[in-house]
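**Q** Chains as they are written, first to last, in this note's numbering: chain A, 223 to 612; chain B, 223 to 612.
Calculated from the structure, these hints are not laboratory results. A couple of the hints might just be wrong.
In this list, chains with the same sequence are indistinguishable; a pair is considered to hold if it fits within one copy or across any two.
Here are the simulated lysine-lysine pairs, DSSO-like style, with alpha carbons at most 27 Å apart [stated by the list, open to error]:
1) K564 to K478
2) K449 to K504
3) K585 to K564
4) K542 to K352
5) K568 to K474
6) K585 to K568
7) K538 to K478
8) K572 to K478
9) K568 to K478
10) K371 to K478
11) K255 to K478
Note that the coordinates shown come from a computational prediction; the quantities given were computed from them, not determined experimentally.
Number of protein chains: 2
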Amino acid sequence: MSEYIEHDETGATVGVVKKEFYTFADPADGGQKIVLESGASIGSVTVAYETCGTLNSDKSNAILVLHALSGDSHVAGYYSANDPKPGWWDIMVGPGKGIDTDRYFVICSNILGSCMGTTGPSSINPESKKPYGCDFPVITIGDMVTVQKALLDHLGINKLFSVIGGSVGGMQVLEWCARYPEMIRSAIPLATTTRHSALAIAFNEVARQAIMADPNWNRGDYYCGPKPDMGLAVARMIGHITYLSDEAMRVKFGRKLHNRSALSFDFGGDFQVESYLQYQGKKFVERFDANSFLYITKAADYFDLARDHGAGSLIKAFSKFQGRYLIVSFTSDWLYPTYQSKEMVKAMKKSGLDVSFCEIDAKWGHDAFLLPHTRLGSLISGFLKGVSFN
Amino acid sequence: MSEYIEHDETGATVGVVKKEFYTFADPADGGQKIVLESGASIGSVTVAYETCGTLNSDKSNAILVLHALSGDSHVAGYYSANDPKPGWWDIMVGPGKGIDTDRYFVICSNILGSCMGTTGPSSINPESKKPYGCDFPVITIGDMVTVQKALLDHLGINKLFSVIGGSVGGMQVLEWCARYPEMIRSAIPLATTTRHSALAIAFNEVARQAIMADPNWNRGDYYCGPKPDMGLAVARMIGHITYLSDEAMRVKFGRKLHNRSALSFDFGGDFQVESYLQYQGKKFVERFDANSFLYITKAADYFDLARDHGAGSLIKAFSKFQGRYLIVSFTSDWLYPTYQSKEMVKAMKKSGLDVSFCEIDAKWGHDAFLLPHTRLGSLISGFLKGVSFN
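Only chain A is shown next, with the shape it has when bound in the complex:
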């Protein structure tokens, strides 16, 4: 169940990315089903994960990187010399990079509910022998963390040097620190929030409605027929608007026309921004499952750190963690605006936590944390260098 891949970026072999799968809670193997926050339970959960770098002898250099909505376990490196694209955070994770794999052992696993190797609605339900579809239980950010914790137990890692992630990955970081404070030396939640605003819920709900309005969605049961590609494409387009910003779009597209010199007076899409969104929608349906989109956005909407870990108080929710925090927000992120990070920092300080906060001036909106940015890399590497190994 495992494969070894050369981490080859420039032609030279610079490290090893290890891709593996771990299956647990399988009643067929005598295991117990895992109980989810909803009260439902699920058995035989497979986790797809990749590691880069080398775990040191006292297992003190492990960093858990947590991906966002549509990400996967392939965080860094190329699968082969011909691979056209590296992992989703290759700019940050690798030898000598912000998260330096010469120093740290990086683990990244695909989240529960996704469709990139970890069990989700498109996986086979061991009971019915058919894909779960909407029989898959509604999951939470906490349930994702439950699965990650099982993976770490399997790897024999009981202390994390750091937990790092952006957006929905940042929510998992916050959940990790609230659930397993004693396991974590430091944490970096990027471009995230302790709970979705009504605006963020609204965007997710409209995207879900677009999927569920597609007759091919068929109440989630479409794995043997045509897929709800049109609905998922619209959902992705809505998402893409929220990942960018007014300024980013102005700089990137403005009112430039697409492959034409004059208005076409039809509905094909005259402007570059239109063809960009159409392209993003089309590309997404090739790689992502519509039900996974529903489940993961729902988990993000449900996430509420203060409700779940502080009886409504954010200060209380942060109180058990003793490690160091680095919070990063981006000026043009209007999905999780800086004011939400500041609320977080304020509550952390009131909780007596050691927290550093940085708002990075970036015009690329919410997605800025995934884009090349010298400042972010040096900020993270500098912060990590200040964290003690024991």
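Following the hints, put chain B in place on chain A, whose structure we already have.
**A** Just chain B, lined up with the frame of chain A:
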């Protein structure tokens, strides 16, 4: 073709709203088809319009009010004592209100391409005797103004005391001033822009994609079968998000649950903001035509005052108008943010125009111009009182 309706708001008869239809450019009656900006032409155009107040003897007190995307000619008053809802801008138009119908004669017509009485894609194509559907030509804001000008000619009005409108109605105001500067004494474009940003185009395009993704849309030919209600509902939900604001949604909904005390762990819509959007979507499909939504949003995206009237220069586009301008923006409007109004005002000033500008502090987002606001009413009435009748 005309009906007279009592303008009855409080039980007492306070004025008269007159609803009429005017049909022109009908080749069957010997008329010439009107030529649109695309080069296409269209014959037999009916305009639905309403008037409130009394036109004075020298016809110097006429105000043209221009509605936004989904509006209609019913700008103010109730159709009967039992009518549950007044016209869309009843808070502003009426005896003693911001636009005082004791002083002014208000005309409001449904725009070309709509579905509220004026010719649009759901109207019967006189050539095929069937609804136009997507055989209806793509129209522009300029084409809407062409139709409004024909209506004014029909009414014998050759001078307007003022032209007033918000959002897409504001674009029509700007187009009127550029096309017929000598006809207009004053103009009030509210919560509008001289051209859509990439962000505004992006939202419209995703909404259009949602409609066109609905199999019932059937390339616009659905008038004899099921309508693309699911797609149109999603489109409206997207629109509604852009009409509100982060703050408006936080104040109005926050994370309040809808008719439940705990999370439901299903996809029905736990949060109030979700059920609100679902309701808005459902309500909209009962009254609006999906093709009209496509055509009017496209016209708004195409609108570019500098391109069409100033060879790329906004200053030049404003140069012919000699009347007075009042520009109003709203702090929380992120569809047409204040910086866009300021660009407009700057160019007007460089053009030597008499322009007043006001940014109103309002948390309700783009829709603020439609909501009760003491300041807006007194601002408009004060501005109009300063305009000379001749």
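**Q** Could you figure out if K572 and K478 sit no more than 27 Å apart (CA to CA) within one copy, between two copies, both or neither?
**A** Answer is between: at 26 Å across copies they meet the 27 Å cutoff, but 48 Å inside does not.
**Q** First find the shortest C-alpha distance between K564 and K478 inside one copy, then the shortest across copies, and answer within, between, both or neither for a cut-off of 27 Å.
**A** between (36 Å within a copy, 22 Å between copies)
**Q** State whether the alpha carbon distance between K585 and K564 is at most 27 Å within one copy, between copies, both, or neither.
**A** both (19 Å within a copy, 21 Å between copies)
**Q** Regarding K371 and K478, is the shortest C-alpha distance of 27 Å or less found within a copy, between copies, in both, or in neither?
**A** Answer is neither; intra-copy 48 Å and inter-copy 31 Å both fail.
**Q** Taking 27 Å as the upper bound on the Cα-Cα distance, should K538 and K478 be classified as within, between, both, or neither?
**A** Answer is between; shortest inter-copy Cα gap is 21 Å, intra-copy 50 Å.
**Q** Within, between, both or neither: how does the pair K568, K478 come out at a Cα-Cα threshold of 27 Å?
**A** between (42 Å within a copy, 23 Å between copies)
**Q** When Cα atoms must be at most 27 Å apart, do K255 and K478 count as within-copy, between-copy, both, or neither?
**A** Cα proximity of K255 and K478: none, with 54 Å in one copy and 32 Å across.
**Q** Cα distance capped at 27 Å. Does K585 pair with K568 within a copy, between copies, both, or neither?
**A** The answer is both: 25 Å in one copy and 25 Å across copies each meet 27 Å.
**Q** Given identical chains, is K542 near K352, meaning Cα to Cα at most 27 Å, within a copy, between copies, both, or neither?
**A** neither (42 Å within a copy, 70 Å between copies)
**Q** Within a copy, between copies, both or neither: where do K568 and K474 come within 27 Å Cα-Cα?
**A** Only across copies: K568 and K474 sit 25 Å apart there, 35 Å inside one copy, limit 27 Å.
**Q** My question is about K449 and K504: at a cut-off of 27 Å on alpha-carbon distance, are they close within one copy, between copies, both, or neither?
**A** both (13 Å within a copy, 25 Å between copies)
Hints 4, 10 and 11, counting from the list given before, are not met by this structure.
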